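**Student:** Each chain is listed here by its residues.
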Amino acid sequence: MSLEVQSPGLLTTVQDLGRSGFRAFGMPLSGALDPFSLAAGNLVVGNGPGAAGLEVTLVGPGLAFRSERLVCVTGGDLSPRVNGKAIPCWEGVLLREGDVLTFGGAGPGGARCWVCVGGGIDTPPVMGSRSTYLRGKLGGYKGRRLEKGDILPLGVPDILSPRGEGFAVPGELRPGFIEGPVVRVIPGPQEGHFTEEGLEVFYKSSYCIDPGSDRMGYRLRGPAVHHREGADIISDAVPWGAVQVPGNGLPIIMMADGQTTGGYPKIAAAISADLGLLAAAAPGDSLSFRRCGLGEAAAASRALKGSMDGLRVLLAGYRSRPVRSVPKADRGALRLHFDGGSFDITWEIIGREGR
Amino acid sequence: MASRRAGEDAPRLAWCGDACLMAEFGDAIDPRVNSRVLALGVRLATLAPPWLVETVSTYRSLAVYVDPWEGPRDEIEALVARLALSAKGEPPQPTGTFSVPVCYGGTWGPDLERVSGHTGLEPDEVVRRHSGGRYRVFMMGFTPGFPYLGGLDPALETPRLESPRGLVAAGSVGIAGRQGGIYPIESPGGWNIIGRTPLALFDPGREPPFLMATGMDIRFVPVTAGEFEEIVRGGRGVTP
Chain A
1469 MSLEVQSPGL LTTVQDLGRS GFRAFGMPLS GALDPFSLAA GNLVVGNGPG
1519 AAGLEVTLVG PGLAFRSERL VCVTGGDLSP RVNGKAIPCW EGVLLREGDV
1569 LTFGGAGPGG ARCWVCVGGG IDTPPVMGSR STYLRGKLGG YKGRRLEKGD
1619 ILPLGVPDIL SPRGEGFAVP GELRPGFIEG PVVRVIPGPQ EGHFTEEGLE
1669 VFYKSSYCID PGSDRMGYRL RGPAVHHREG ADIISDAVPW GAVQVPGNGL
1719 PIIMMADGQT TGGYPKIAAA ISADLGLLAA AAPGDSLSFR RCGLGEAAAA
1769 SRALKGSMDG LRVLLAGYRS RPVRSVPKAD RGALRLHFDG GSFDITWEII
1819 GREGR
Chain B
-15 MASRRAGEDA PRLAWCGDAC LMAEFGDAID PRVNSRVLAL GVRLATLAPP
35 WLVETVSTYR SLAVYVDPWE GPRDEIEALV ARLALSAKGE PPQPTGTFSV
85 PVCYGGTWGP DLERVSGHTG LEPDEVVRRH SGGRYRVFMM GFTPGFPYLG
135 GLDPALETPR LESPRGLVAA GSVGIAGRQG GIYPIESPGG WNIIGRTPLA
185 LFDPGREPPF LMATGMDIRF VPVTAGEFEE IVRGGRGVTP
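As given, the protein sequences belong to chains A and B, one line each in that order. Read left to right, the first sequence gives residues 1469 to 1823 (this note's numbering). Read left to right, the second sequence gives residues -15 to 224 (this note's numbering).
So here's chain A without its partners, still in its complex pose (with noise of 0.2 Å):
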């Protein structure tokens, strides 16, 4: 029931779908940037959408799993192997034990990728979640980035989680991909603090991610945006996504990581639907902006919420796909269409005759 990590990768955590409810006494939220690829890739796999994964930064880790599982890559497609040879990502594969993941590294498909493993990562969880703050140094495995020999507790998997094998997430519900991303944001609640021209040249501009952005904050580089007065606020709550434009004008993404309250104005806020292209951006990579309203912005949401409820439909029907061969294992699970209703069935073999 464990997972070992043979080799870490730049910079694997654990991510479920964050620490809410703490934000108030300081807590950032944490967990999964890009959380609509986590959650799909749970269901994938049998897990609920808030499971713990592992969230994998552009040289992915190697993986040596000691129980079968049921695996599903999602996000970018950083290549992934089994014991050598390409899976898929987005799609359901089972691992047997003594199977090794491996990724070949970052396409041009997204800097990040989560793996969800049925059952999930199941480290203890800290005040509710099993997410890692890397800067709090807690929640994940011991409240860091993954080491080369830790060995990873996964959690036991719902019964019908491999009749997921070979279930492929059908390309319009995956989040697309789309490199130099034009980022939909709300004009933010200290718009009014720029001159006319900063707003022009955030909204005009091309962004550089810097080297020095991380799950806290992205930091841009490219043409400063100028205030009309002073560049401090009274301390405000932060979200992720939202935009502070410090004193030399370079705007800053706060992220999941990012602090709770700060003293810069915020001049947009990107869109929840649009949190999924800042995930998959990588430092160097570049990004601009777009003004939109709350009914864009609802708009999106509800396409993504609509897409993973039909990933749901999709997934029940395939888990109840007409079984051709009697399974040798001596517990499973079938599902029955009868007199116009659907009925789940789970099965254990508990004895057998002459025993």
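In short, the hints are calculated from the structure, not lab data. Worth double-checking, as some hints may not be accurate.
Claimed, not checked - Residues of chain B placed beyond 12 Å of chain A at every Cβ, according to the derived structure: (1) ASP(-7); (2) PRO33; (3) THR39; (4) ARG44; (5) PHE82; (6) GLU146; (7) LEU195; (8) VAL205; (9) GLY210; (10) GLU211; (11) VAL216; (12) GLY219.
To be verified - Covered, in the sense of this in silico footprint (three residues per stretch, anywhere, with C-beta under 8 Å from a C-beta of chain B), are these stretches of chain A: (13) 1624 to 1637; (14) 1725 to 1734.
Stated by the list, open to error - A short, non-exhaustive set of chain A residues, derived as facing chain B with CB atoms under 10 Å: (15) GLY1607; (16) VAL1650; (17) PRO1707; (18) ALA1741; (19) LEU1762; (20) SER1769.
Since we're looking at a predicted model, the values are computed, not measured. Cβ atoms here follow ideal geometry from the backbone N, Cα and C, with glycine treated the same way.
Starting from the known structure of chain A, fit chain B onto it as the hints suggest.
**Tutor:** Frame of chain A; chain B shown alone:
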């Protein structure tokens, strides 16, 4: 807006993205403004609408975090606006005053001399005034469990260090301008450190993890180095 009456006016509502609505009650550090922020937070938490994730209260605004997939935005705005009207800023529930033991000066408070030099007060007088005050936790942020304290004696006002320290010890009690604060975990920082508390303001394995909350009243009680060590040994202090 000079004419804004801190106790009564409707807050300015502004979205910060599509999952956070900010209700701004003023643009000053003012206890009356802060108590309206807290009052709205309590009302929302009590009502607990299904789209509410959590709220964060700061000096002058309440950030209302909502589920990005739930709740029409105009309904959320309308409810927050309606609740804000009745959030008159009555004093928070009386919780008493929380006492924070502090060992002042020496290695525990390396900037006590600096504050003394800046204010022209003898170090003993700095300690007397600092521990004689009553403070209100106006907001929490920076690091998990860091309280921003209002109520500092104006005579103790001292600007931040010119260059911040790379590491400030957990428990350090600081002054920055007219604000007070306590570092819950070891972190970089530019505040004047005048003492240290043996209390663990934040312990993720403890229930509750945080000793302080926004709206709480606290005071500082001077302790000797011996008493400091005793509290740590007694298991009530910072984890070594």
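**Student:** Could you run down the list of hints and mark each one as holding or not?
**Tutor:** Verification of the supplied hints:
1. Every beta carbon of chain A lies more than 12 Å from that of ASP(-7)(B), the smallest distance being close to 17 Å; the non-interface claim holds.
2. The claim that PRO33(B) lies off the interface holds: its Cβ sits roughly 15 Å from the closest Cβ of chain A, which is beyond the 12 Å cut-off.
3. Consistency note on THR39(B): stated as away from chain A, yet its beta-carbon is not over 12 Å from all of that chain's, at 7 Å minimum.
4. The claim that ARG44(B) is not at the interface with chain A is violated, since a C-beta of that chain comes within 12 Å of its own (minimum 6 Å).
5. No beta-carbon of chain A comes within 12 Å of the beta-carbon of PHE82(B); the shortest separation is about 15 Å.
6. At the 12 Å boundary, the C-beta of GLU146(B) stays outside the reach of chain A, the nearest C-beta of that chain being 16 Å off.
7. Against chain A, the non-interface label of LEU195(B) is violated: not every CB pair exceeds 12 Å, the least being about 10 Å.
8. Even its closest Cβ contact with chain A, about 23 Å, leaves VAL205(B) beyond 12 Å, as expected for a residue assigned away from the interface.
9. With a least CB separation of 30 Å from chain A, GLY210(B) remains clear of the 12 Å interface cut-off, as annotated.
10. For GLU211(B), the non-interface assignment is confirmed: its Cβ lies about 27 Å from the closest Cβ of chain A, beyond the 12 Å cut-off.
11. Even its closest Cβ contact with chain A, about 20 Å, leaves VAL216(B) beyond 12 Å, as expected for a residue assigned away from the interface.
12. In this structure GLY219(B) is separated from chain A by more than 12 Å, as the shortest Cβ-Cβ distance comes to about 20 Å.
13. With 0 residues carrying a beta carbon less than 8 Å from a beta carbon of chain B, the segment 1624 to 1637 of chain A misses the three-residue requirement, and the given coverage is violated.
14. Taking a C-beta to C-beta cut-off of 8 Å, the segment 1725 to 1734 of chain A contributes 5 residues in contact with chain B, enough for the three needed, and the coverage statement holds.
15. Given hint, GLY1607(A) at the interface with chain B, holds; its Cβ is 8 Å from that chain's nearest Cβ, closer than 10 Å.
16. At about 16 Å, the closest approach between the beta carbon of VAL1650(A) and any beta carbon in chain B exceeds 10 Å, and the interface hint on this residue is violated.
17. The interface hint given for PRO1707(A) holds, since its Cβ lies 4 Å from the closest Cβ of chain B, which is under the 10 Å cut-off.
18. The beta carbon of ALA1741(A) is positioned within 10 Å of a beta carbon in chain B (closest approach about 7 Å), and the interface hint is therefore held.
19. Here the hint on LEU1762(A) is kept, as its CB sits about 5 Å from the closest CB of chain B, short of 10 Å.
20. Satisfaction of the interface hint for SER1769(A) is found here, the shortest Cβ-Cβ separation to chain B being roughly 5 Å, below the 10 Å cut-off.
The structure fails hints 3, 4, 7, 13 and 16 (numbered hints given earlier, in ascending order).
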